[in-house]
Amino acid sequence: MEIRFADCSVRYGDTVALQPLDLTLTERRIGVIGLNGSGKTTFVRAINGLVKPSRGRVTVNGLDTVEDGPAVLSKVGFIFQNPQNQLILPIVADDIALGLKSRGLATSAVAARVEAVLARFDIAHLARRRVHALSGGETQLVAMASVLVTEPDILILDEPTNQLDLKNRKRVIDTLAGLPEAAIVVSHDLSLIESFERVLLFHEGRLIADGAPVDVVRAYEAVALC
Amino acid sequence: MLKSLHVEGSTPLHKLSVRIKLAGLFVASLAIFFTKSPLLLGGAAALAALVFASVGMAPRDAASRLAWPLVSIALVALATGIFETPLAGLATFLRFATLILLAAAVTASSETGDVMEEVTVLMRPFERLGLVNAADIGLALGLVLRFVPDIALRYESLRESHAARGLPVRPLRMLAPMIILTLKDADMIAMAIDARGLRRQ
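The listed protein sequences correspond, in order, to chains A and B. All residue numbers for the first sequence refer to our numbering, where the first residue is 1 and numbers rise by one. All residue numbers for the second sequence refer to our numbering, where the first residue is 227 and numbers rise by one.
Don't take every hint at face value.
Not close to chain B: a few residues of chain A, all C-beta gaps over 10 Å, as computed [stated by the list, open to error]:
| id | residue |
| --- | --- |
| 1 | Val16 |
| 2 | Ala127 |
| 3 | Val172 |
| 4 | Ile173 |
| 5 | Val217 |
| 6 | Arg218 |
| 7 | Ala219 |
| 8 | Glu221 |
The calculated lysine-lysine pairs, modelled on DSSO-like cross-linking and capped at a C-alpha distance of 30 Å, are [claimed, not checked]:
| id | chain 1 | residue 1 | chain 2 | residue 2 |
| --- | --- | --- | --- | --- |
| 9 | A | Lys101 | A | Lys75 |
| 10 | B | Lys241 | A | Lys101 |
| 11 | B | Lys410 | A | Lys101 |
| 12 | A | Lys75 | A | Lys170 |
| 13 | B | Lys410 | A | Lys75 |
| 14 | B | Lys410 | A | Lys52 |
| 15 | A | Lys75 | A | Lys52 |
| 16 | A | Lys52 | A | Lys101 |
None of these hints come from the bench; they were simulated from the model. Quick reminder that beta carbons are idealized off the backbone N, C-alpha and C, glycines included.
Kindly generate the complete structure, drawing on both the sequences and the hints.
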C-alpha cells in the first residue's frame, strides 16, 4: 500500500481545513489523532476521494483520487463515525450483499462472499437480523463486513470505538487487530492506537507530529493540555 | 416507536411476490379513478382497509403510520368539498385513503431489498431508452423506505430533549431543527453511499 499526498491542501470557502501537505504512507496500521476540528476527518476523507484537494493531489497505489475516483473507492473502504448511516438495507445480509450486487456479481458469488465475510467476523448469527436491532458493537462489525466484503486494500475507520461500551469496544479492537488489510484509524481513544506502526497528529489543519505512537501521543498531550 | 416500515410476518400478502403487489397497486390506483360513486369508492376503501389489516400490524403502529397521511388527505378532501361539491370531497378522500392503505400494506409486507430489486427491473426498459438510471431509482426508493422511520426517531429524540429542559413541545418549533438534522444526515448518507460505491459514478 502506498498513499501519497503531494502538496495537497483542502479549503472549504475561506476556511483551510487541511494545510499543504507532502506525505507518504506505507504502514499497515496508522493512527490519526488531534483535537476536534483539527483536520483529521478531512485528511482521511481526502484519501478515498470523498473530499477533493483544492490544491495538489492524493494518490492511492498510484491512482489519483480525482481522476480515478471510482477505482480509488474500490481500493479504499471507509467506515463513518455513525455506521448506522451507512447501512442502507434493513436486513444485515442484504446490506452486505448490496455493495457486491451493485458491482454486478452473480447471485451465487454474492451469496458465497456474504457468507464468508459473516463467518470471518463471527457474526453469521446476525445475517437475518434488522440493522435497527443491532447493538453499537454489532453495528460497527456489520459496517466493517459490508465494506470489507468488496475486498478493498485499505480500510479507514473514523472513530470506531466512539460511544461503544467496554465489551463492544474490546470486540471491535480485537477484530481490527486481526484484519489483514491496511487500516487507518481516526480516534480520540489513545489506547487504541498505541500499538500502531505510525501515528499522525493534526492541529488546526496542519500535520504537527508524525512518528511512533508514544512520541506523537506525548506531543498531543502537550497541545491539548497547554 | 416506528423503526422499520416493514412488518415481519408470514401472511398471504407477505408471501405474494413484490412484482404482483406492485402491479396490483398500479391497477388499483388507475381503477379508482374510473368511478365517482361514493358507494363503489367506499367499498374499495373498505377492501383496502381489510388488505392492510391482513398484514397483522399492531394497532398502535398502524395508527402511527396512517394518522398523518389520512389527516393530510382529509384536508385536501375538505378543500375539494368546499370549492367543488361535498360529494367530490368525499370521493377524493375515499380514493386517496384506498391508495394509502394499499401502499402501506405493500410497504409493510415487502422487504426493502426486494422492492429495490423489483423497481430496478421495472426501470430497465427506460434505462435502455437512456431516460433513467434503473439502479439509482431502486436505490433512491430503498433509501426512502429505510430512512423515513429515522425521521420519526429524530422527532421523538427532539421531543424528549424539549421535555427534559422543561420546554413545551410544539411541533412547529421542532420543524427547523428536524429539517437541519435530516439534511445533515442526508449529507452523511449520500457520502456513505459514494464511499461504498453504490451509486453509479
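Here is how each hint holds up against the structure:
| no. | hint | result |
| --- | --- | --- |
| 1 | Val16 | holds, 21 Å |
| 2 | Ala127 | holds, 13 Å |
| 3 | Val172 | holds, 18 Å |
| 4 | Ile173 | holds, 22 Å |
| 5 | Val217 | holds, 28 Å |
| 6 | Arg218 | holds, 33 Å |
| 7 | Ala219 | holds, 30 Å |
| 8 | Glu221 | holds, 31 Å |
| 9 | Lys101/A - Lys75/A | holds, 17 Å |
| 10 | Lys241/B - Lys101/A | holds, 24 Å |
| 11 | Lys410/B - Lys101/A | holds, 27 Å |
| 12 | Lys75/A - Lys170/A | holds, 27 Å |
| 13 | Lys410/B - Lys75/A | holds, 27 Å |
| 14 | Lys410/B - Lys52/A | holds, 19 Å |
| 15 | Lys75/A - Lys52/A | holds, 17 Å |
| 16 | Lys52/A - Lys101/A | holds, 27 Å |
Violation of the numbered hints given earlier is absent; every hint is satisfied by the structure.
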